[in-house]
Amino acid sequence: MSIRLNSTASTLQSRRKHRTKKKSIVFHHVNARPCVEHRVVECIANKSWELLPYPPYFPTEAPTDYHVNQSLKDWQMIKVYDDFDNLVADSKAWIASKNREFFARGINRFPSK
1 MSIRLNSTAS
11 TLQSRRKHRT
21 KKKSIVFHHV
31 NARPCVEHRV
41 VECIANKSWE
51 LLPYPPYFPT
61 EAPTDYHVNQ
71 SLKDWQMIKV
81 YDDFDNLVAD
91 SKAWIASKNR
101 EFFARGINRF
111 PSK
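Residue numbering for the sequence shown follows the UniProt record's numbering, beginning at 1 and increasing consecutively.
Calculated directly from the structure, the hints in this document are not laboratory data.
Heads up, a few of these hints could be off.
Here are the simulated lysine-lysine pairs, BS3-like style, with alpha carbons at most 25 Å apart [as the list claims (entries may be wrong)]: (1) 47 / 73; (2) 79 / 92; (3) 79 / 98; (4) 79 / 47.
Label-pair distances were calculated between CB atoms; the ranges are [to be verified]: (5) 75 / 52: 26 to 36 Å; (6) 37 / 90: 17 to 27 Å; (7) 38 / 66: 32 to 42 Å; (8) 74 / 104: 32 to 42 Å; (9) 41 / 96: 45 to 55 Å; (10) 45 / 104: 40 to 50 Å; (11) 6 / 95: 40 to 50 Å; (12) 14 / 101: 50 to 60 Å.
We treat Cβ as the ideally placed atom computed from N, Cα and C, and that holds for glycine.
Let the hints inform the model, and build the full structure from the sequences given.
Dropping the structure here:
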């Protein structure tokens, strides 16, 4: 893993040469076991990268857009797009076809905190 981080560091340095201001690199990684291993965290600290913590996972709480995304995914399941513009246009048309109650139904499903 540290070999991959060293490769990432050299790539970032070569791409950031044109910047005049020295801003630190903010590194964001998941809480997966390999990523929080002591060697990885130590390697990130040695490079003086700022570590952006990953938000905690709550299996009882779905993302706020789950209702919309799942419904859109189901609708597009059998569709095939030749280019990205067609996908975007079709997605926008699908969103426009939904009424307020559709979105309200998804929002109202969430438990109150």
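Hints versus structure:
Proposed proximity of residue 47 and residue 73 is contradicted: the alpha carbons are some 40 Å apart, above 25 Å. The suggested pairing of residue 79 with residue 92 holds, with an alpha-carbon distance near 15 Å, which does not exceed 25 Å. Between residue 79 and residue 98 the alpha-carbon distance is near 19 Å, which keeps this suggested pair within the 25 Å criterion. Our distance criterion of 25 Å between C-alpha atoms is broken by residue 79 and residue 47, whose separation comes to about 45 Å.
Checked against the hint of 26 to 36 Å, the C-beta distance between residue 75 and residue 52 comes to roughly 34 Å, which is consistent with it. The beta-carbon spacing between residue 37 and residue 90, approximately 43 Å, falls outside the hinted interval of 17 to 27 Å. Judged by the Cβ atoms, the range 32 to 42 Å given for residue 38 and residue 66 holds: they are separated by roughly 34 Å. Range check, residue 74 to residue 104: Cβ separation about 19 Å, and the 32 to 42 Å hint is violated.
One distance hint, 45 to 55 Å for the beta-carbon pair residue 41 and residue 96, holds here, with the actual separation near 46 Å. Hint check: residue 45 to residue 104, Cβ distance near 46 Å, so the stated range 40 to 50 Å holds. At roughly 43 Å, the beta-carbon separation of residue 6 and residue 95 lies within the given 40 to 50 Å, and the hint holds. In this structure, residue 14 and residue 101 meet the distance hint of 50 to 60 Å, their C-beta atoms being roughly 52 Å apart.
In summary, the numbered hints that this structure violates are 1, 4, 6, 8.
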